[in-house]
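*Asks:* Here's the letter readout for the chains.
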Amino acid sequence: MSQLLILAAEGEAENPLIPPIPELVIGLLAFVIVFGFLAKKLLPNINKVLEERREAIEGGIEKAEAAQTEAQSVLEQYKAQLAEARHEAARLRQEAQEQGAALIAEMRAEGQRQREEIVAAGHAQIEADRKAASSALRQDVGKLATDLAGKLVGESLEDHARQSRVIDRFLDELEEKAEAGR
Amino acid sequence: MSADPTQVLAFETDCHIFDGCGFPAPGLHSFLFEPLWGDADSNLYFNKTMLLALLGSVIVVGFLWAAFSKPKVVPGKLQMVAEAGYDFIRRGIVYETLGKKEGEKYVPLMVSLFFFVWMMNLWSIIPVAQFPVTSIIAYPAVLAAIVYVTWMTITFKRHGFVGGFKNLTGYDKSLGAVLPLVMLIEFFSNVFVRPFTHAVRLFANMFAGHTLLLLFTIASWYLLNGIGIAYAGVSFVMVILMTAFELFIQALQAYVFVLLACTFIQGALAEHH
Numbered sequence: 001m002s003q004l005l006i007l008a009a010e011g012e013a014e015n016p017l018i019p020p021i022p023e024l025v026i027g028l029l030a031f032v033i034v035f036g037f038l039a040k041k042l043l044p045n046i047n048k049v050l051e052e053r054r055e056a057i058e059g060g061i062e063k064a065e066a067a068q069t070e071a072q073s074v075l076e077q078y079k080a081q082l083a084e085a086r087h088e089a090a091r092l093r094q095e096a097q098e099q100g101a102a103l104i105a106e107m108r109a110e111g112q113r114q115r116e117e118i119v120a121a122g123h124a125q126i127e128a129d130r131k132a133a134s135s136a137l138r139q140d141v142g143k144l145a146t147d148l149a150g151k152l153v154g155e156s157l158e159d160h161a162r163q164s165r166v167i168d169r170f171l172d173e174l175e176e177k178a179e180a181g182r
Numbered sequence: 001m002s003a004d005p006t007q008v009l010a011f012e013t014d015c016h017i018f019d020g021c022g023f024p025a026p027g028l029h030s031f032l033f034e035p036l037w038g039d040a041d042s043n044l045y046f047n048k049t050m051l052l053a054l055l056g057s058v059i060v061v062g063f064l065w066a067a068f069s070k071p072k073v074v075p076g077k078l079q080m081v082a083e084a085g086y087d088f089i090r091r092g093i094v095y096e097t098l099g100k101k102e103g104e105k106y107v108p109l110m111v112s113l114f115f116f117v118w119m120m121n122l123w124s125i126i127p128v129a130q131f132p133v134t135s136i137i138a139y140p141a142v143l144a145a146i147v148y149v150t151w152m153t154i155t156f157k158r159h160g161f162v163g164g165f166k167n168l169t170g171y172d173k174s175l176g177a178v179l180p181l182v183m184l185i186e187f188f189s190n191v192f193v194r195p196f197t198h199a200v201r202l203f204a205n206m207f208a209g210h211t212l213l214l215l216f217t218i219a220s221w222y223l224l225n226g227i228g229i230a231y232a233g234v235s236f237v238m239v240i241l242m243t244a245f246e247l248f249i250q251a252l253q254a255y256v257f258v259l260l261a262c263t264f265i266q267g268a269l270a271e272h273h
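Quick mapping for you: the protein sequence lines, in order, are chains S and D.
Count the first sequence with the numbering used here and you get residues 1 to 182, in order.
Count the second sequence with the numbering used here and you get residues 1 to 273, in order.
The hints are simulated quantities; they were obtained by calculation from the structure and are not laboratory data.
Any given hint could turn out to be false.
[Stated by the list, open to error] As a list, the in silico DSS-like pairs of lysine-lysine whose alpha-carbon atoms are at most 30 Å apart:
#1 K101/D <-> K63/S
#2 K48/D <-> K100/D
#3 K72/D <-> K100/D
#4 K63/S <-> K157/D
#5 K40/S <-> K166/D
#6 K72/D <-> K48/S
#7 K100/D <-> K63/S
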């Protein structure tokens, strides 16, 4: 009991809400030490680094964005080139087709011409042959007829000029008849 | 008891239950220390709490020095931990209450306050020291006074004398007839009560916490006799639980102290109270 009283007396003497001056001074000193180091050196230090880090991260993001933009533009360029190439190819194909068609038409025209030439040459040849044959025939027929006539009338009709005149007249008559009969 | 200069522990070690020895309950005497140097009657002395306070400062500065003196853009483990704490105060408290633009100026003060208070609280459960520096009113009082001076300076600098007075009294014409009463209460609250409660809130929490820890620790030892041993075990479990709880309270009180400091300054910065 007496101990309790002593404790109570001590408690009254030392009110825990009344700060002793030396402890205030030491408390202030201790805090000033911490504040001084933090405010003057350590926090500016770390702030600088945090800022650098932020910039580094944002720089990285910007770089990535730039790369993406470039890739996009390259892709577009590539697509444009591809489209152009396709267009060009189509154009070339078209041109080749047209050229081919023109060439075929030309060849066909040439072939036609050559054929006509050949046909015409053949006709001319045939005509010439016919003429030659007809003249040869006419001579042979004349000769035969003359010979026959000479044998029949017994007289030589060897006078050549007269002979041929008669034969020609005869043949012309024949031809006229043939034409009239046609 | 505390007057005995040879005593280093907070209680008598040869005192057990059933030995005809009363329970050496913790009390105000548990918060008094014989000077390590000097004379308690003069104002020139050095005691355990002073030693812990200065040592705590050195530890806080040492820790942050190790973490921030040569900081790297890609942080190491220590820097990462310290940065987390720094960022918590800066973003979590200062920017949240004061905003980034206004708050930036007060970040060093608030960060210092937080780490300082936390360290001083942590002494409570650090073996051998085992005494929260902040359970001596002088330390919270100094810190609260620093905040108070800062707060008042801002109030009058920002609003002028009349404006500052209006700010502190919550002057608002629309209140009409009750305005004088409101002004009186607000003035009293802001100018006298707030700094006092700011300091005492921290002090009382640490004081109570330390007393509880002492109570269970002393009981664990005191009951260590006969049937009392079973109760000593229970008491010891309480010591462990209370230590864990204190660890939480220490950080929480440091946070609350800084948050209140920011709130006061926020009020001073506000254009219209």
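*Asks:* List in ascending order the numbers of the hints, as given earlier, that are violated by the structure.
*Replies:* 2, 4, 5
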